[in-house]
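Taking the hints into account, I'd like the entire structure generated from these sequences.
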Amino acid sequence: YREHTHLSNNIIELSRKPNQKMSDQDKKSVEPKNEKKAGRVVYDNPSASPRESLHWKRLQINEDIENDNAGGGALIHSYDELIGAFKSDIDSFREEKNSHDNSHDSSGKENCYLKLAIWSCVIGYCEALATHRDDRFAFFPIPIDPLRRLVEKDFVPLLHQAQADITKTTNTSPASNQKKKNAKNSKTKTTAPNAGTDESTHRKTVRAVANSIWKRAQNKKSSIQDELHANSLYTCLCGDVDNKSLDCFGAALLVVIGMNILGFNSSCLTLSEDHAYESHLVVEDDTKNGDNKKKIAKQTTSELQTPGRRERATCEVAVPGNTKAAQAKRGREISYTFEYLKRDNITPETSWLYMAKNPVLCNNPGMVMAALVSNLNCDIDKQKSGSDNNGKPPVVSKPLYKMKRDMLWTLHDAGYMEQFPFALMELGECEEHCGSQKGMEWVDVSELLMSD
44 YREHTHLSNN IIELSRKPNQ KMSDQDKKSV EPKNEKKAGR VVYDNPSASP
94 RESLHWKRLQ INEDIENDNA GGGALIHSYD ELIGAFKSDI DSFREEKNSH
144 DNSHDSSGKE NCYLKLAIWS CVIGYCEALA THRDDRFAFF PIPIDPLRRL
194 VEKDFVPLLH QAQADITKTT NTSPASNQKK KNAKNSKTKT TAPNAGTDES
244 THRKTVRAVA NSIWKRAQNK KSSIQDELHA NSLYTCLCGD VDNKSLDCFG
294 AALLVVIGMN ILGFNSSCLT LSEDHAYESH LVVEDDTKNG DNKKKIAKQT
344 TSELQTPGRR ERATCEVAVP GNTKAAQAKR GREISYTFEY LKRDNITPET
394 SWLYMAKNPV LCNNPGMVMA ALVSNLNCDI DKQKSGSDNN GKPPVVSKPL
444 YKMKRDMLWT LHDAGYMEQF PFALMELGEC EEHCGSQKGM EWVDVSELLM
494 SD
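One rule links them: number in my numbering = place in the sequence shown (from 1) + 43.
Watch out, some of these pointers could steer you wrong.
As the list claims (entries may be wrong) - Label-pair distances were calculated between CB atoms; the ranges are:
#  : residue 1 : residue 2 : range
1  : ASP134    : GLU376    : 29 to 39 angstroms
2  : ASN388    : GLU461    : 51 to 61 angstroms
3  : ASN388    : SER121    : 35 to 45 angstroms
4  : GLU376    : ASN110    : 47 to 57 angstroms
5  : ASN110    : ARG83     : 42 to 52 angstroms
6  : SER121    : LYS100    : 14 to 24 angstroms
7  : GLY364    : ASN388    : 28 to 38 angstroms
8  : LYS100    : LEU271    : 19 to 29 angstroms
9  : ALA368    : ASN286    : 21 to 31 angstroms
10 : MET398    : LEU271    : 49 to 59 angstroms
11 : ASN105    : VAL488    : 22 to 32 angstroms
12 : SER90     : THR390    : 32 to 42 angstroms
13 : GLY364    : ARG83     : 34 to 44 angstroms
14 : THR210    : ARG83     : 47 to 57 angstroms
If you're looking for bench data, these hints aren't it; they were derived computationally from the structure.
Computed from a predicted structure; not experimentally measured.
Where a beta carbon is used, it is the ideal one built from N, C-alpha and C, also for glycine.
Here it is, written out as structure tokens:
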């Protein structure tokens, strides 16, 4: 017997002969059905030019780009050009990894995260154009230069300012001045403080970056859990157009991208159930004894090679608002969430929200991109049951499903979804709504089945 599977319909066939070819009837049964949910959803395919949208105006596109005279790839004109550019950047992620493995140079990884920031702007821009309740627009042409400028002129300076503010605060705080005075008057070498009394630079930077991102985003009184289409850098920087803020995933994504751009290369997007947060490597210094053991947050590639027992520390970042209380909660260990509950039986190890401390770790640019694309929301209206929606089927964006499908296939073929069930599920959902010949291929999965 030979096992086969079909991604979008979860079909498993046990064929009697290993080399038996599919019959015409079998082939007919798996023909792509681009609108498999016809009748249950309405597919929207807008044709209005994006030049008529408020988003185009918000980007302050100059006359050369507007008239398509800028050259140098200022505009993406077609779908093939968009997917080609995406594939090129995914290929560059693999090239960077190979280069890093040989030279241990971390600058390439930082460039990968800059590309992630740009794609978060591009994808967020397309999502904004295609999902507005009243006015929707086609994607092309996509003003890639102005979107790239959002990253270079707005996001990156915001990150460096957050980092500079930490240095300024540390150098001018009363505690810092007292430490300097004590060090000057002491004749002995000052010993490093314990981990419990000294917050790491990494954690301080996470808090500062998260605070800066939330200050820039449109903040609302309503829960961020109810926010739709609020998971991208474009939404953070240009949320004033549609009055959008950030959701939990968007906040964690941008913090991790920002941390890696700043050179904190162990900062990792961490996903568990419906929650997202930052985690990073710490190494327990085994040269210390007893209470003097120190856990050091590792920032750079060379530091990550330091001997010692590696652990993961976590940082909560998805706390909306700009009050002092909200800002203070960011950067804390996720275990702090349970301290005020006063329930001994609920811990990060037992809570479903944190998957018993076994989350999906997006520890490379490709997996972060897979998470970014998977969280693209193609719904125009909230998905409701027929009775809750006055019997009307929900409306979804066909162009977004197609773009999401082909981007996920690119990531799948590059090997970035092998340990990411959520991304595979999203790809299957895309194939159900917008089937492709690739999604209809039959593949041998016997190697995936567990043997006795």
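Do the hints match the structure? See the list:
| no. | hint | verdict |
| --- | --- | --- |
| 1 | ASP134 - GLU376: 29 to 39 angstroms | 37 angstroms, holds |
| 2 | ASN388 - GLU461: 51 to 61 angstroms | 34 angstroms, violated |
| 3 | ASN388 - SER121: 35 to 45 angstroms | 56 angstroms, violated |
| 4 | GLU376 - ASN110: 47 to 57 angstroms | 53 angstroms, holds |
| 5 | ASN110 - ARG83: 42 to 52 angstroms | 43 angstroms, holds |
| 6 | SER121 - LYS100: 14 to 24 angstroms | 23 angstroms, holds |
| 7 | GLY364 - ASN388: 28 to 38 angstroms | 29 angstroms, holds |
| 8 | LYS100 - LEU271: 19 to 29 angstroms | 22 angstroms, holds |
| 9 | ALA368 - ASN286: 21 to 31 angstroms | 24 angstroms, holds |
| 10 | MET398 - LEU271: 49 to 59 angstroms | 25 angstroms, violated |
| 11 | ASN105 - VAL488: 22 to 32 angstroms | 52 angstroms, violated |
| 12 | SER90 - THR390: 32 to 42 angstroms | 53 angstroms, violated |
| 13 | GLY364 - ARG83: 34 to 44 angstroms | 38 angstroms, holds |
| 14 | THR210 - ARG83: 47 to 57 angstroms | 55 angstroms, holds |
Checked against the numbered hints given earlier, this structure breaks hints 2, 3, 10, 11, 12; the rest are met.
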